[in-house]
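Full structure from sequences and hints, please.
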Amino acid sequence: MASLILMPALSPTMTEGTLARWVKKAGEAVSAGDVIAEIETDKATMEVEAVDEGVIGKTLVAEGTQNIAVNTPIAVLLAEGEDAEAADTVTRSADPAAGASVAIETPADPGIVEAPEAVQAENDRDWGETSEITVRQALRDAMAAELRRDEDVFLIGEEVAQYQGAYKVSQGLLDEFGEKRIIDTPITEHGFTGMAVGAALTGLKPIVEFMTMNFSLQAVDHIINSAAKTLYMSGGQMGCPIVFRGPNGAAARVGAQHSQCFASWFAHIPGLKVVAPWSAADAKGLLRAAIRDPNPVIVLENEILYGQKFPCPVDEDFILPIGRAKIEREGTDVTLVAFSIMVGVALEAAAILAEEGISAEVINLRSIRPLDTETIVRSVKKTNRIVSVEEGWPVAGIGAEICTVAVEQAFDWLDAPPARVCGLDLPMPYAANLEKLALPKPDWVVDAVRKQLRD
Amino acid sequence: MDETPSASGRSNGPALSPETMKRAYRDMLLVRRFEEKAGQLYGMGLIGGFCHLYIGQEAVVVGIGLNMKQGDKSITSYRDHGQMLVAGMTPRGVMAELTGRSGGYSRGKGGSMHMFSREKEFYGGHGIVGAQVALGTGLAFANKYRGTDEVSIVYFGEGASAQGQVYESFNLAALHKLPCIYVIENNRYGMGTSIERASASKDLSRNGEPWGIASRKVDGMDIFAVHEAAQEAVEHCRSGKGPFLLEMETYRYRGHSMSDPAKYRQRSEVEEMRRTRDPIETLKAEMLRSGIEESVFRDIETDVKAIVADAAEFAQTSPEPEHSELWTDILVEA
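Order-wise, the sequence lines are chains S and C.
At the far end of the first sequence sits residue 455, using full-length UniProt numbering, and the numbering has no gaps.
At the far end of the second sequence sits residue 334, using full-length UniProt numbering, and the numbering has no gaps.
Simulated from the structure, these hints should not be mistaken for laboratory data.
No residue lacks a Cβ here, since even glycine has one placed at the ideal position from N, Cα and C.
Hints are supplied without guarantee of correctness; some may be wrong.
Short, incomplete list of chain C residues facing chain S, as computed with Cβ under 7 Å [stated by the list, open to error]: (1) 102; (2) 103; (3) 107; (4) 135; (5) 138; (6) 139; (7) 163; (8) 165; (9) 168; (10) 261; (11) 329; (12) 332.
Each computed SDA-like pair below joins lysine to any residue, with the alpha-carbon atoms no more than 25 Å apart [to be verified]: (13) 177/C with 164/S; (14) 43/S with 36/C; (15) 24/S with 177/C; (16) 24/S with 273/C; (17) 25/S with 177/C.
Below is the structure:
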């Protein structure tokens, strides 16, 4: 049957073009792949190939015609044995719009489509008896518990097995679980992260240890483009149950390349969850939850906290929900919001403020994405002031997000502009005195609060 | 590439049964006609964005597919339609994804470059050049971890072979003896840059040598050569000897993507390949020589055209995804 050859779209953005030259004329036979015409688009001169075999019955557009809209009939292709009259029939009966049925709809208004409901905050369950352990022990215990619980869980990274962990977080795991499940890698973050993500796409549950989160930059494409997006791109078929963990933020005197916070980097990505434990209980409860979570979860640990002791529930089933903040200290005059090592700084600041008669509420975020905005907003509505405290840089940081939440959701309750306390906006210096100047300390928080109360 | 079949070719005549040849012919033709239709739908504005056609390279994926069994996994770049069809994914579901409709494999949320099938063990469909090589190594890792004899087929172009993670993956696969078949589809051009201008290594099949990875250079336009090499690679991997590298010398007839005017090569080069090396015509000639009747080809052509027409019809009538789909599949609800 005779068919129409339509003006093709030859690039993602082309809407019209110029028919520069007919390479095949009426009466000429063509087979699939033959060039029949040349078309000029806004970007290039492109060749139009026949997609079917036949004879060009007639051309409908003259050479040199400009601004021919995509899908306009430009020629008639006759099947074997058909005569030129068939060309006229098909031209008359053609509805040029029939082939171009893609509706150009405006994207859905994000205000109309409802976002999933925020995680409901509840009071923390009482897990009973606790014992004092270090954050390092808590992390190891969490991994050991989950490795025992699920054969699909394995730990992979540099020095995690024979060396027992660069920071001794995986101490003893090789002995208990063997080299099949505690896997040393060469120094090859891009490669082993991609490999672990691939294994996770099949349903295995890797824990990827980065010796420090700084090295995750070598692998960030797999974290974002391969791990975080595949569930969506596959229409829900293929999730990626994986944990990326390691020490984040400044350690001590290790210079610019080893001292930075990645909370804001990873919190930006839909498809990822991000947690940042402070205490041993946070570390154990959140890491267990991260390993069980069917989604990719980033666990931002902190080297300085590894050796610090906190009370941690001894209950074998202890686990914390991702997405819920914890109020570490209740107060009435100002809300201090912090995560990871800055929770300690905020608590110190609260103690100083208390001596001055100022009652500060300290929120330990625990989870950066999803962010427990409900707990933050409820606190702000009570205290009427908010100061965020983070070690990372100020620009587009977590503090910017928290202050926006306060302004958007509790504006009428605010008695002072929200304030941010952040690490200084510069690469970390090595010199001991300069490094000290670059990182937030309790005094900075106290000053920010005093300013809010004064203004 | 010279005109003579490589040493791995048909020195001893066809190694395939008539039934297998018919299946291979049908599969190659399906990929070809599917891609031609995709090109047509793109021209009509029904497919948007990036669309990379597989036309010319059919023997590679079909020849390897002949050696795959249930449970074997595959993964590739964005030139992925052929791999999906050979993995057993339906032409309807693939075409409807190309048009961004709810009947597509990703319900319209992936597009040409991002399709997956858990059921058919096809792991995408990746838009970042080289990323699938590390991910595919992970598929092989999972096979070994679970103690199966399944293999992972990892396709990538000669362009991707310049990416560092390819060699990180080679090292990991060789260290762990992973059942991973790396298939370099050397179609000579990484977008507009010829292999001569992109690689100091002139023989890509040797790129796994430092890690002791067994390899073959194969005439990727000849399904017999591809089949035979794939058979060796699959046996090697299934028996626990570690990874295998196949360099397939092939050719794409179309541009890198639909919007590529392909000015970096002479039209005569393309025509010469089509005329003398076309994988479908080469197989057909061999089948005719072996006594298969002309009518067989007509029947296959009719059958394939009907499948592709049905897929195209489905891809145009399947509804666009609901607006609510915007917010689904971002996270798995725990």
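Cut-off 7 Å, beta-carbon criterion: hint that residue 138/C touches chain S: Constraint on residue 138/C satisfied, holds at 2 Å.
Pair hint outcome, residue 177/C versus residue 164/S [Cα-Cα no greater than 25 Å]: Judged against 25 Å, a Cα distance of about 24 Å means the pair holds.
For the pair supplied as a hint, residue 25/S and residue 177/C, confirm whether the alpha-carbon distance does not exceed 25 Å. Violated, because 59 Å separates the two Cα atoms, which is more than 25 Å.
For the hint on residue 102/C, does the least C-beta distance to chain S fall short of 7 Å? violated (9 Å)
Does the nearest C-beta of chain S fall within a distance shorter than 7 Å of the C-beta of residue 163/C? With a closest approach of 9 Å, the residue 163/C hint is violated.
Take the shortest C-beta to C-beta distance between residue 332/C and chain S; is it under 7 Å? holds (4 Å)
Less than 7 Å between beta-carbons is the criterion; does residue 168/C satisfy it with respect to chain S? holds (3 Å)
Is the hinted pair residue 24/S and residue 273/C satisfied, with a Cα-Cα distance of at most 25 Å? Holds, because 21 Å separates the two Cα atoms, which is no more than 25 Å.
Holds or violated: are the alpha carbons of residue 24/S and residue 177/C at most 25 Å from each other? violated (55 Å)
Report holds or violated for the interface hint on residue 135/C, using the least CB-CB distance to chain S and a cut-off of 7 Å. holds (4 Å)
Restraint satisfaction for residue 139/C [CB to CB of chain S, less than 7 Å]: Hint on residue 139/C: holds, closest Cβ of chain S at ~5 Å, below 7 Å.
Closest C-beta approach of residue 107/C to chain S relative to 7 Å, hint status: holds (4 Å)
Figure legend: structure checked against the earlier numbered hints; hints not met, in rising order: 1, 2, 7, 15 and 17.
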